[in-house]
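**Student:** Given next are the chains, with one letter for each unit.
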Amino acid sequence: MSDAKKSPFKKILKYLAHVDMFILGLIVLIVLVFVGTISQKTIGLHNSQMKYFSAWITFLGPIPFPGARTVLVVMFVNLVSMMATHRWTKKKLGIFVTHSGAILLFVGCGLTGFFSTEGSMRIDEGASSNFVADYHNLEFAITKHLTSNKERVYAFQEGWLKGGELIKHSEFPFQIKVIEFFANCDIVQRKTHGSNKLKGFAKRFQFLPKAIAPEYAQNRQAIIVEVTGSDQDGLYYLFEGMQIDQTLQAKENQYNLEFRRERRYLPFQITLNDFQKSDHPGTSMARAYRSIVELQDKDWTQRSVVQMNEPLRYGGRTFYQSSYIIDEGKETTVLAVVHNYGRLFPYISSIIMCIGLFIHLILLIPGLFSSKKKEQ
Amino acid sequence: MKNLILVLISSILFVGCNNNNKEIKVYEIIHHNKAIPQAAPKAHDPHDGHNHEGHDHGTAKTPAASTSKATSSELTWKAPTGWKEIKGNSIRLVSFKIAENAECTFIVLSGQAGGLLSNVNRWRGQIGLSQIGEPAVKKAATLVKTPLADAQMFKLVNPNNKDLAFIASIIPKGSSTLFVKLAAPSDMIPSLEGPYLELLKSISTKE
Numbered sequence: 001m002s003d004a005k006k007s008p009f010k011k012i013l014k015y016l017a018h019v020d021m022f023i024l025g026l027i028v029l030i031v032l033v034f035v036g037t038i039s040q041k042t043i044g045l046h047n048s049q050m051k052y053f054s055a056w057i058t059f060l061g062p063i064p065f066p067g068a069r070t071v072l073v074v075m076f077v078n079l080v081s082m083m084a085t086h087r088w089t090k091k092k093l094g095i096f097v098t099h100s101g102a103i104l105l106f107v108g109c110g111l112t113g114f115f116s117t118e119g120s121m122r123i124d125e126g127a128s129s130n131f132v133a134d135y136h137n138l139e140f141a142i143t144k145h146l147t148s149n150k151e152r153v154y155a156f157q158e159g160w161l162k163g164g165e166l167i168k169h170s171e172f173p174f175q176i177k178v179i180e181f182f183a184n185c186d187i188v189q190r191k192t193h194g195s196n197k198l199k200g201f202a203k204r205f206q207f208l209p210k211a212i213a214p215e216y217a218q219n220r221q222a223i224i225v226e227v228t229g230s231d232q233d234g235l236y237y238l239f240e241g242m243q244i245d246q247t248l249q250a251k252e253n254q255y256n257l258e259f260r261r262e263r264r265y266l267p268f269q270i271t272l273n274d275f276q277k278s279d280h281p282g283t284s285m286a287r288a289y290r291s292i293v294e295l296q297d298k299d300w301t302q303r304s305v306v307q308m309n310e311p312l313r314y315g316g317r318t319f320y321q322s323s324y325i326i327d328e329g330k331e332t333t334v335l336a337v338v339h340n341y342g343r344l345f346p347y348i349s350s351i352i353m354c355i356g357l358f359i360h361l362i363l364l365i366p367g368l369f370s371s372k373k374k375e376q
Numbered sequence: 001m002k003n004l005i006l007v008l009i010s011s012i013l014f015v016g017c018n019n020n021n022k023e024i025k026v027y028e029i030i031h032h033n034k035a036i037p038q039a040a041p042k043a044h045d046p047h048d049g050h051n052h053e054g055h056d057h058g059t060a061k062t063p064a065a066s067t068s069k070a071t072s073s074e075l076t077w078k079a080p081t082g083w084k085e086i087k088g089n090s091i092r093l094v095s096f097k098i099a100e101n102a103e104c105t106f107i108v109l110s111g112q113a114g115g116l117l118s119n120v121n122r123w124r125g126q127i128g129l130s131q132i133g134e135p136a137v138k139k140a141a142t143l144v145k146t147p148l149a150d151a152q153m154f155k156l157v158n159p160n161n162k163d164l165a166f167i168a169s170i171i172p173k174g175s176s177t178l179f180v181k182l183a184a185p186s187d188m189i190p191s192l193e194g195p196y197l198e199l200l201k202s203i204s205t206k207e
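Listed in order, the protein sequences are those of chains F and V.
If you're matching positions, the first sequence starts at 1 in the numbering used here and goes up one per residue.
If you're matching positions, the second sequence starts at 1 in the numbering used here and goes up one per residue.
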């Protein structure tokens, strides 16, 4: 069939399957890896990852440049189009299997990139927790107290936390305007009491903007919001990790305002039965530490030990022993929680690619002998 | 060239499709027991993958930013006559109202809370004094023996700022640090120094 008689769909597929596109994608990825690695020193690991690898489009100076996410999607489309348009024969079985493995690797990469989550779970000894706090994403949570042990939470994601945004909900008698968001700030005590508009913590402390530190963890995010329509209208200052409740009274209901890391609740809970730490002799430097935990899911309970290189895997999530806090004699374990849907894909696709290459080599062997015979 | 254009067009399309993270999640929480922590203690973030050594990591240097969850039940003190004791919160262990524009506060923070130099310079900055080096800070410190531990006391007065002056002390307290800070107009400082020392020397741990 000539090119002129091909359907438009096949023409597009043929165009998308062009090998130049894959090579161009590889070159762009090399540039991104180089620039991303160099920029880690100045903007930090997380910012570099977000700017060059998790972005659809990025900028090299003033020049717009495709981000790794776009490049990978284009390469994936290119590979799939090639698989769909290529004329496969028995002799090319090895190449087909190898390319299928590569496609699977891209699928796994996409699942990880779009859906995987990472966070931490902090549990005091003897206590339980059923939520994971995200490492990077923030949220503005408004908690309404329904009864003594029941609360209704309205969590507004990070997209709402820009200056000028209006946070409101049909179930609130008030609305909240975001006055300012600080990516990093210093918290300093006011020399004098501020205006009457300042409420709670804001009466005594203020935020001073600070340059963003390369390491994400060194930044202290904060927000200033203005509440109107409540019984206690005014300016509220909140920072991430704040331990003082900023409460608000509106129409005989009490609300708590909290600026915190985004929480993801789990369908089960983990109790820290014991935290054990052993130090290097004569020092307070930890040699090893581990958490004895109890996982409770409905009527089912499992006791586990979480320690270095021995994570707990449950419900698609992996709980790693990450850190600990010993404060005033109270022990708290910090578990890193990873929920990665594409976790098994690299292993499976690598095996498939190896099998493909092996088949390809086997299929080449008869050809090698026949060419030798011809030479003789 | 055609391929490059395609890549750029794809980028723009995907940017257009990208959501702006503006979801509102509404859910209810039932507390079966008080064990589920609602506000975990603030410490360093452990997501860089290496092993941390408890609180000595030093990521949070600002005192107010690295607040300890200490409670007043661990310490005792004797308030000087006329000083009105006001119950504190998780940042302030306790505060004393001395006059309309004078007060004294107890703040307990985890670790060294930024250390001697940065805290003294922060206080100096608050009353308009210039920053000084470590030798000058050590020279300015007065050692006061308290039942809790030896306190390093600083009298910070700016002749050009009559509205605010401090007498502040730093006392190591196990794995945390206690800050006892008196803030008052500079002309009140000489008369408050005696009661302040009296209070400082009365701080001890509960039996």
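Check before you lean on any hint, since a few could be wrong.
[Said to hold, decoys possible] Some chain F residues near chain V, calculated using beta-carbon distances under 10 Å:
| hint | residue |
| --- | --- |
| 1 | N149 |
| 2 | A155 |
| 3 | W160 |
| 4 | E165 |
| 5 | D233 |
| 6 | Y265 |
| 7 | F268 |
| 8 | E310 |
What the hints contain is simulated information worked out from the structure, not anything from laboratory work.
Here the structure is a predicted model, which means the values were calculated and not measured.
Idealized CB from N, CA, C, for every residue including glycine.
**Student:** Each hint needs a verdict: does it hold in this structure or not?
**Tutor:** Outcome of the hint check:
Look at N149 (chain F): its Cβ gets to within about 4 Å of chain V, closer than 10 Å, so that hint holds up. Nearest Cβ of chain V to the Cβ of A155 (chain F): about 4 Å, under the 10 Å cut. The hint holds. The beta carbon of W160 (chain F) comes within 6 Å of a beta carbon in chain V, closer than 10 Å, and the hint placing it at the interface holds. At about 9 Å, the closest approach between the beta carbon of E165 (chain F) and any beta carbon in chain V falls short of 10 Å, and the interface hint on this residue holds.
The interface hint given for D233 (chain F) is broken, as the beta carbon of that residue sits about 22 Å from the closest beta carbon of chain V, more than 10 Å. Because the beta carbon of Y265 (chain F) sits about 7 Å from the nearest beta carbon in chain V, less than 10 Å, this interface hint is met. At a threshold of 10 Å, the smallest CB-CB gap from F268 (chain F) to chain V is about 12 Å, leaving the interface hint violated. Interface hint status for E310 (chain F): violated, as the beta-carbon distance to the closest one in chain V is roughly 14 Å, over 10 Å.
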